[in-house]
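K.L.:
Sequence:
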Amino acid sequence: KSPMLSSPDVEYKYIGCYRDKRDDRVFSNMVKRRDTTTELCASLCGNFNYFLRQFKGQCFCGDDGYDKHGPSTECDCGGENVGSSIGCVYEYVT
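Reading the sequence shown from the start, the letters are residues 1 to 94 in this note's numbering.
What the hints contain is simulated information worked out from the structure, not anything from laboratory work.
Check the hints yourself; a few may be wrong.
To be verified - Result set (BS3-like, lysine-lysine): computed pairs, CA atoms no more than 25 angstroms apart in a straight line: (1) K56 x K68; (2) K68 x K21; (3) K21 x K56; (4) K32 x K56; (5) K68 x K32; (6) K32 x K13; (7) K56 x K13; (8) K32 x K21; (9) K68 x K13.
Keep in mind it's a predicted model, so treat the numbers as computed, not measured.
All chains should be built: construct the whole structure from the sequences, respecting the hints.
P.N.:
And the structure:
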């Protein structure tokens, strides 16, 4: 499955902050390396069930497994730098 641009008014909800590992990503589809807002990440991952924003705006898409490394309380989901090896996970609302 590949990323697909969805409409700008896509709806999503925050699921939580979860750990990630550079050598074992929770989502293997990275669609943007830096400077992605939550809204842009949501529009880039429209072909998946979930999206994750981490570090300085990295955007990943996936269908399951976001919790495989466990939860974290260290994310700054609204910040410019979410955090390293952690990410804010969102689910699309249908």
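K.L.:
Against this structure, judge whether each hint is valid.
P.N.:
Against the structure, the hints come out as follows:
1. Taking the CA atoms of K56 and K68, the gap is near 22 angstroms; set against the 25 angstroms cutoff, the hint holds.
2. Simply put, K68 and K21 have alpha-carbon atoms about 10 angstroms apart, close enough for the 25 angstroms limit, and the pair holds.
3. At most 25 angstroms may separate the alpha-carbon atoms for a hinted pair to count; K21 and K56 meet this at roughly 15 angstroms.
4. Taking the CA atoms of K32 and K56, the gap is near 10 angstroms; set against the 25 angstroms cutoff, the hint holds.
5. For the hint pairing K68 with K32, the CA-to-CA distance comes to about 22 angstroms; that is within 25 angstroms, so the pair holds.
6. Restraint check: the Cα-Cα separation between K32 and K13 comes to about 20 angstroms, which is no more than 25 angstroms; the hinted pair holds.
7. The straight-line distance between the Cα atoms of K56 and K13 is roughly 20 angstroms, inside the 25 angstroms bound, and the hint therefore holds.
8. For the hint pairing K32 with K21, the CA-to-CA distance comes to about 17 angstroms; that is within 25 angstroms, so the pair holds.
9. Restraint check: the Cα-Cα separation between K68 and K13 comes to about 19 angstroms, which is no more than 25 angstroms; the hinted pair holds.
Comparing the model with each numbered hint stated earlier shows that all of them hold.
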